[in-house]
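**Student:** Taken in order, these protein sequences are the chains called A and B. Everything in the first sequence is counted per our numbering, starting at 541 for the first residue and increasing by one. Everything in the second sequence is counted per our numbering, starting at 541 for the first residue and increasing by one.
No lab work stands behind these hints, which were simulated from the structure alone. Please note that a few of the clues may not be correct.
Identical chains blur together in the list; that is why a pair holds if it fits in one copy or across any two.
As the list claims (entries may be wrong) - Calculated lysine to aspartate or glutamate pairs in the EDC-like style (CA-CA distance at most 20 Å, straight line):
{"id": "1", "residue 1": "K894", "residue 2": "E1148"}
{"id": "2", "residue 1": "K894", "residue 2": "D1146"}
{"id": "3", "residue 1": "K894", "residue 2": "E1147"}
{"id": "4", "residue 1": "K665", "residue 2": "D1033"}
{"id": "5", "residue 1": "K1160", "residue 2": "E1143"}
{"id": "6", "residue 1": "K994", "residue 2": "E1123"}
{"id": "7", "residue 1": "K747", "residue 2": "D716"}
{"id": "8", "residue 1": "K1048", "residue 2": "E1147"}
{"id": "9", "residue 1": "K836", "residue 2": "D1146"}
{"id": "10", "residue 1": "K1048", "residue 2": "E1148"}
{"id": "11", "residue 1": "K933", "residue 2": "D824"}
There are 2 protein chains.
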Amino acid sequence: MGKIDYIHTVQPGTGGIDDAFLNRYVLMSGERMIPYQWSMLNNDEKSGIIHDFRVAAGEIEGEHIGMVFQDEGLFKWLESAAYYVADHPDSPVRAWAQRAIDLAERAQQEDGYLLTWFQLKAPDKEFCNLLESHELVCMGNVLEAGIAWHHATGERQLLDVAIKLADHLCEYFMQDGPAGDLVPGHPGIEFCLVKLYRETGQEKYLKLAQHFLDRRGTDPEVLEKQHEREWDRPPIFPTWNTFADHTYMQIHAPVRQQTTAEGHAVRASYLYAGMADVYMETGDRELFAACETIWKNLTGKRMYITGGVGSSECGERYTGDYDLPNDTVYAESCASVALALFSRRMFQCTGDGKYLDTAERAIYNTVLGSVSLDGQSYFYVNPLEVWPDACEKNPSKRHVRPVRQGWYQVACCPQNTLRTLAGIREYIYYTKGDTLYVGMYVGGDAQISLQDRKIALHVQTGYPFNSTVDIRTDSQGAYTLALRDPGWSEETDVFLNGSRVEDCVREKGMIYIQRRWQKGDTVTLKLDMPARFMVSHPRIRANSGRVCLMKGPLVYCFEEADNGTNLSSLRLNPDAAVAEVYEPDLLGGTLTLSVSGLRIMEEGWDEETLYRPFRVKARKQELRAIPYCLWNNRGQGEMTVWIHSSGSEVS
Amino acid sequence: MGKIDYIHTVQPGTGGIDDAFLNRYVLMSGERMIPYQWSMLNNDEKSGIIHDFRVAAGEIEGEHIGMVFQDEGLFKWLESAAYYVADHPDSPVRAWAQRAIDLAERAQQEDGYLLTWFQLKAPDKEFCNLLESHELVCMGNVLEAGIAWHHATGERQLLDVAIKLADHLCEYFMQDGPAGDLVPGHPGIEFCLVKLYRETGQEKYLKLAQHFLDRRGTDPEVLEKQHEREWDRPPIFPTWNTFADHTYMQIHAPVRQQTTAEGHAVRASYLYAGMADVYMETGDRELFAACETIWKNLTGKRMYITGGVGSSECGERYTGDYDLPNDTVYAESCASVALALFSRRMFQCTGDGKYLDTAERAIYNTVLGSVSLDGQSYFYVNPLEVWPDACEKNPSKRHVRPVRQGWYQVACCPQNTLRTLAGIREYIYYTKGDTLYVGMYVGGDAQISLQDRKIALHVQTGYPFNSTVDIRTDSQGAYTLALRDPGWSEETDVFLNGSRVEDCVREKGMIYIQRRWQKGDTVTLKLDMPARFMVSHPRIRANSGRVCLMKGPLVYCFEEADNGTNLSSLRLNPDAAVAEVYEPDLLGGTLTLSVSGLRIMEEGWDEETLYRPFRVKARKQELRAIPYCLWNNRGQGEMTVWIHSSGSEVS
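Only chain A is shown next, with the shape it has when bound in the complex:
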C-alpha cells in the first residue's frame, strides 16, 4: 500500500468565472451572500456566533447562544470568504475575515481545543459525549477554513489555529485507553484531516483520519458506552434516541464492510469522502472498494433525479432502495453538497467522468436551487413536488416549506451552499501529471499549474442552455487535455480549430486530447443535449406513470405560475415535441421548455363528490417548464418535477 497516483483539484484564485448561467450564482454569492451571512454571524438574535466567540475569548460576559454546533457557522463562512478573497484580494471581506480570525485565535484554548459551546457550558466535558456533541465535525471546519485562508492570502494565522487544534486531537484520540476507541459521532473531520496532511506534510493528521475510519463500527455501541460512562448531564438532544440509531451515524459496521448509503445523509457522504481521501493517500483498496459499492447503491437506488439524497425528514436520512417520495422528501441542501464532495473525490481516485456527472447533478439542481436569486433565502429541504396547502395542513409535510426560508439559528445549508458556490473552481479543473482535466463547463479564464508550467485556458459557452463549449488555450506546449464526456451526452463531437477530431481517446466518461498545443488552439465540444423526457426505474413507486424533462444536467420543473393550479392534473405525452426557448427577461435569463400537454378537467365534479365511476375529460394545455434550480423565485405556488404521462407509456 501507498499513496496512489490520484487527480488533484485546483484551488480558487486561479482565474475568474464569466459564465452566462453560473454568473447569477457566483456573483450573487460574493456580492450578496457573503455580506448577508457575515451580518447574520454578527446578529445575536439570529445566530449569536460572533457573540459566543467573544464570550469564549473573555471579551464580554454572557451565556452561550445557540446549539452545540453553532461554531461551524464561523468557519464555513471563513472558508467561503477565503475563496472569495483569493479572487478579490482588495475586497472589504478580507477585513471582516481578519476580525473573525483574530477572534477565533483568541477564543482557542491553550491546549488547542476550540468549540465555544463546550468551553462555555461544559468545560470539564470536552470529548465526553461524542454521540451527540458534533465537536469533531465542527473542528473539521476550522481545518478547512485555515487551509483555505492560507491558500488565499498566504497567511498562516488561521492555519496555525487549525494545526494547534489538530495537534490536540491527535494527542487526545491517539492515546491508549478509552479515548483511543472513540470515533466521531458526526463524521466529517476525516477528509479535513487529510487536507491538513496534504497542506503540512504531517503524517499524524492522516494517521488520525485513518484511525477514526479503522475504529468506526468495530464496536457499534462505543459512543453509547461513552455516554453512559462519562456524560452525567441531560441529553444535548432530548429526542435523540428516537432517530439516532447505529445506521444513523454509519457506525453499524466497520466502514470497509458497509455496502449501502445509510443514515443521516450529510454524515454519510462526509464519511465516504474521508474514506476516498484516505484511500488516495494510503492505497487502501478495501476502503476504495467500500466507497465504490456504497456509491453504486447511493446513486443507483437512493438518489433523487435532482441529486437530492436522504428521503426521510426523521433523521434527515436514507431509508431503503427506491424509496424516493417527492412530497414528503427531505433531500437536505447540505446532503447534496456532501454528495458532490464525495463524488468529486471518487473522480480524483479514478478519473471516471461519471462521478462528476453526479457532482454536477447535485450542484446544478439541488445546491443551486437551495438559494434564491437574491441570495437571502434558502431551502434546507428540497422537494420535487410541492402543494403549499398540504405543506401547511399536513404534519407529514410540514418540514417541506413551499418557499425559501430565512436564516435558521443553525444555518448549515446556506453556508454549505455558499462555500460550494464560492469554491466552485474546485469542481472545474484538475491536474495529474501532464494532464489537465476540465470537469465542468463553466465560462471564464484559468491559469493552471501543470508540471511546473502555467497553462492558460479560456472557456466560452452557453452551457447548460447551449450544447457548445469552446476551450481556447493561450499557452503552448505538450500536454493532455481531458474533457468530461457527460453520461447523458449520447454522442459528443470534438473539434480542434474547427476540424472534427476523430482520433481522441474516449475512456470512462472522459475525452483525452494529447498534443503539442499552439497558442490560440481552440477545442470545441458539441454535446448531445436536447431536452429529453426522462423516466425513472420502475421500482421508484413515487414516479410510477410519470415523466420529467431534463436538458443536459438540468432537471426541469413545472410551476403553478406557468401552468395553473393542481399540477397533478396535467398530462404529458413523452412523444410530444419540446420547444426550447431562451427567455432573457425571465429569472435572470433562462431557457424554458414548452410542450403541448393535457389537463384533466374538473367539469362535472361538485363539492360533494370525491369518487365516481370512471369518466374523465381532458383539454389541451401548453405547458412550460423552467430549470428546477430556479423554482420559487416568483412567489408561493405548486411545483412538480414529475408529471403524469399520458398515452404512450404503455404502448
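Position chain B relative to chain A; hints supplied.
**Tutor:** Chain B alone, transformed into the frame defined by chain A:
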C-alpha cells in the same frame, strides 16, 4: 324548538344475522373476539384493565397500569358483550360480563366518579385537566355499556352505575363558577348523555350534553387556562403541545360556527354525532345546519374511498381539503367507527339514504378490514397503499403497519370494531311512525316493534357480492317499508312477489312501499352494482392518473399475493372488461375481480441506473382484486387500492 320527529334505531336482540358475507365477521366477533378481548382485559401485561379496577375497588394492592384512558377497554367490551348476550342469553359471556360489572360497581366512588387512573394516581385532581385527561369520553363508555346491558338483560346494575356517574357529572359541570365553563377535551360523552336521557327520561342529561355543546369553542383557551390554573403536575402527554392545537379538539370555534371536519378524527365525529343527537331532541336547527355543512366537507373533500378519515398520523387528524395520501395515511379504525356513528345519526335526522351509504362505506371497508379473519389481530391504521419495505425503513411511514398488529396497551380500535360488529343491527333496521326502514342489506331474521305491533322480516341475500335482496314479511298489516336505494345503484328495480313495482316512491336515497302486507309477501330489490372502475376528484393529488375498482359498497384492492411485487408498475385500462368470480375457498369465500392489465417491465434497467431517457416496455398481465376488507389475510405483502390507469384516461 322541540324534539323533532326523528328515526329510531333498533337494538340488538331483535333477531339473528345469517348472512353469507357478514357471518364471517359477526360469528367471529362473538366466538373469537369477545373471549380474546376478555382475556386481554384480564392480562396485566397486555392491558392491566381488570387489575386497575381491582386496585380501585380496594381488592388488591398495586399501582395503576396503563394510560389515563385505560378504563375505556372495560366498558367498550361490556357494551359489545351486552349486544352479544342479547342474542345469546345463555353464553358464558354473561358471567364474565357480570364479574366485570360487579367490579366496576365496587370501583366506583361514593360520589359517582369512576376513572381508575385519577382515582389511583391523582385523586385530588379529578376534572382538573380536561385538556389531556380523556375523563369524559371514557365516562361516556360507562353510560353506553350500562344502557346496552340494561337492554340486553333487563338488569339495572350497570345502568345504575352509569346514572350515578352521570348525576355526578351534572352536578359538577352545571355549577356556577369555573367548572361551569369547562368542556370535554375529548368530545364523545355528549351523544352518550343523550342516550341516557332517552333511556331514563331525565332531562338533565340532555341539558348537560347541550351545555357542553353550547360552551364548546366560545373560549378556545378555556382548557389551557384550566391546565395552567389547576394542574401542577407534569403533563400527562409530554409531547401533547406538538399536535394538540385548538382544531385538534374542535374547540377552535363555537360548534354552530364550525364548517369543516377538523382535528383528531375520532373526537371530530364523536362531537358531530352528539350535535346531531341534541338536534333530534331539541330541534336546534343551527346545530343541524352545522352538522350538514361539516358532513359535506368531510365526505366531499376529506374522506378516503374506503370511508377512512384523518389523513395525518401526527394528531391522528384531518388535514386539508383533498389531501388524502394513500401511503402516509392514518385513517384510524376508530375514526371510521365514529364516522359511521355520525352518519347514522344524520340518517335518523333526515331519512336520507346517502348518510347510510357513508356509514356502510366506512363499516364494510375500513372497519371490517381492521380485523383479521381470526379476530385476533388488528389494523389501527388503515392504509390504501402499502409497500412493506418502505414502512420498515422510512420513518414517515413507520406508523403504517404492513400486517395487522396484536393487542396494543390501549386497544381502542379492536374494541371499537368489536362493538360495531356486535351491535351491527343498529345500522340495519330503523323505525318511525308506521315506517320500517331497512338501511343495510344483511341476511337474517328480525322482529321489529312498530307502533305496538311486532313486524317479522326475513332477509335473504348474497349482498354485497350479489345484487339481489329478498325481503319477506311474515306479519300482515298496513305499514310502510322503506328500503335504502344506494347512491351507487344507478337504477334499482323493485319487485313484489315477483312483479315489478312501478309506483313506489323514491326519495332521498330511499324507496318507500306502502301497503297492507300479507304474510309471505316478498319484496325483491335488484341493485345496479356491477364492478366499476372508479376515479377520484382531480384535486386528490395522490390519486391522479389512477383508478380503482368497486362493487356496490365494496372497495377492491390488489395484493402482492395475487399480482406479484411492485404494484406501482401495474396498469389498468378502465375500458377493460372485469370478470366477477366467486371463489368459495378464498378468504372464507369471496368474489374476486379479474381484469386484463399491463405490467411495466424492468428489462433494460440495471442496478446502477435510476433515471434514463423515456423508454418503457410493458407486457400483459391478468390482475386480480379482492375486497379491501379482506386484505392481509395471506401474509405480508404489498397492497394498493388505486392502480395507475393506462391509455384511455385522457382520450
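**Student:** None of the hints should be skipped; say for each whether it holds.
**Tutor:** Status of the hints after comparison with the structure:
no., hint, in the structure
1, K894 / E1148, "between (52 Å within a copy, 11 Å between copies)"
2, K894 / D1146, "between (51 Å within a copy, 16 Å between copies)"
3, K894 / E1147, "between (51 Å within a copy, 15 Å between copies)"
4, K665 / D1033, "neither (61 Å within a copy, 81 Å between copies)"
5, K1160 / E1143, "within (14 Å within a copy, 33 Å between copies)"
6, K994 / E1123, "neither (39 Å within a copy, 81 Å between copies)"
7, K747 / D716, "within (15 Å within a copy, 77 Å between copies)"
8, K1048 / E1147, "between (57 Å within a copy, 18 Å between copies)"
9, K836 / D1146, "between (49 Å within a copy, 11 Å between copies)"
10, K1048 / E1148, "between (59 Å within a copy, 15 Å between copies)"
11, K933 / D824, "neither (51 Å within a copy, 32 Å between copies)"
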